[in-house]
Amino acid sequence: MISVLTSKNICEVSEKVLSASAKFAIQNQKKNMDTILIIVPDRFTLQAEKILTNHAPVLLNVRIVTFSMLFHLLQVPEKAPAILDKTTAVLYTWRAIQDVRNKLVYFNRSVDQYAFSEKMFNTINQLESSRADFQNLEKHATSTVTKSKMHDITLIQTRYKELCKGNIDGAGMLDWLIKNVSKSEIIKNAHVYLTGFEYLSVQREEVTRQIARTAKSFTAGLQETSELKRVIDELRFAM
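The working numbering numbers the first residue of the sequence shown as 3 and each following residue consecutively.
Note that these hints are calculated values from the structure, not bench results.
Keep in mind that this is a model prediction, so the values were computed, not measured.
Hints should not be assumed to be uniformly reliable.
[As the list claims (entries may be wrong)] Using C-beta positions, here's what the derived DEER-type ranges look like: (1) Arg238 x Leu62: 26 to 36 Å; (2) Arg45 x Thr146: 35 to 45 Å; (3) Asp135 x Lys10: 29 to 39 Å; (4) Val147 x Phe239: 36 to 46 Å; (5) Tyr108 x Ser203: 19 to 29 Å; (6) Asp135 x Met35: 21 to 31 Å; (7) Asp36 x Phe239: 45 to 55 Å.
[What the hints assert, rightly or not] In silico PhoX-like links for lysine-lysine, alpha-carbon gap of 20 Å or less: (8) Lys121 x Lys88; (9) Lys218 x Lys190; (10) Lys121 x Lys151; (11) Lys10 x Lys167; (12) Lys151 x Lys141; (13) Lys81 x Lys181; (14) Lys163 x Lys181; (15) Lys167 x Lys181; (16) Lys52 x Lys25; (17) Lys167 x Lys151; (18) Lys32 x Lys231; (19) Lys181 x Lys141; (20) Lys33 x Lys231.
Ideal Cβ placement from N, Cα and C applies to all residues, glycine included.
Please construct the entire structure, taking both the sequences and the accompanying hints into account.
Here it is in structure tokens:
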């Protein structure tokens with residue numbers, strides 16, 4: 003079952019969702035003691051805890067989590083890979099750049115700048131969060147400059163993935179969640195709430211779809227005019 007709570011601004015809708023989840027949790031802990039998960043943005047966890055506690059000081063089996071916390075929470079047959087911290091991921095990116103530096107076309111003058119490694123990692127991570135096909139972007143680029151940039155980015159991304167094989171970064175963590183959420187007994191037996199988001203990346207949208215299809219119930223708090231509401235409505239009407 004998928005439910006939607008809406009309001010004109012994100013603060014009001016989050017208050018609605020946290021109030022509703024607290025009321026449900028009070029009834030739930032008298033009977034079934036099902037797990038209740040409330041997914042919020044990283045920056046909102048402490049505030050969400052405070053609002054929830056104001057509605058009900060004692061709640062059992064309720065957890066406020068982020069998408070990265072979900073990665074550590076799931077229990078599935080497939081062993082979870084190790085996650086790279088950003089500093090290590092940037093170092094892998096720097097190494098990848100050095101390994102392909104003689105093949106670079108557009109960024110060949112930037113290869114000795116360490117700051118360029120972080121910018122390139124952020125670019126790769128952003129494209130992967132959008133589930134972009136790097137080679138297709140290069141192939142279908144409409145200008146010489148864009149094609150040259152994508153040529154270099156694709157070379158670096160391919161080598162970066164080879165170097166950190168067996169480990170994953172933030173985008174890889176979301177891909178792992180997409181593949182494994184539906185296998186998780188925790189999610190299958192949980193009532194899940196999502197709030198505090200004005201939009202989600204393509205990867206997070208897909209994780210959300212998998213959770214909504216798998217959980218006992220799913221409730222989303224959304225701004226009335228947000229793009230995210232369209233995504234959730236599509237999912238509701240498809241089920």
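CB of Asp36 to CB of Phe239, is that within 45 to 55 Å? Given about 26 Å between the Cβ atoms, the range is violated.
Below or equal to 20 Å on CA atoms is what counts here, so check Lys32 against Lys231. violated, 32 Å
If you check the beta carbons of Arg238 and Leu62, does the distance land in 26 to 36 Å? Since the Cβ atoms of Arg238 and Leu62 sit about 29 Å apart, the hinted range of 26 to 36 Å holds.
Cβ separation of Val147 and Phe239, checked against the hinted range 36 to 46 Å: holds, 42 Å
Between Tyr108 and Ser203, is the Cβ distance one that fits in 19 to 29 Å? holds, 26 Å
Please work out if Lys10 and Lys167 have their alpha carbons no farther apart than 20 Å. Answer violated: Lys10 to Lys167 is near 44 Å, above 20 Å.
Given the hinted pair Lys167 and Lys151, is their Cα-Cα distance within 20 Å? violated, 24 Å
For Lys218 and Lys190, compute the direct alpha-carbon distance and say whether it is at most 20 Å. Holds, at about 6 Å.
Has the hinted range 35 to 45 Å been met by the Cβ atoms of Arg45 and Thr146? Between Arg45 and Thr146, where Cβ atoms are some 40 Å apart, the hint holds.
Can you confirm whether the C-alpha distance between Lys181 and Lys141 stays at or below 20 Å? violated, 28 Å
Taking only the CA atoms, is the gap from Lys167 to Lys181 under or equal to 20 Å? holds, 18 Å
Can you confirm whether the C-alpha distance between Lys121 and Lys88 stays at or below 20 Å? holds, 12 Å
The structure is inconsistent with the numbered hints 6, 7, 11, 17, 18, 19, 20, although it conforms to all the rest.
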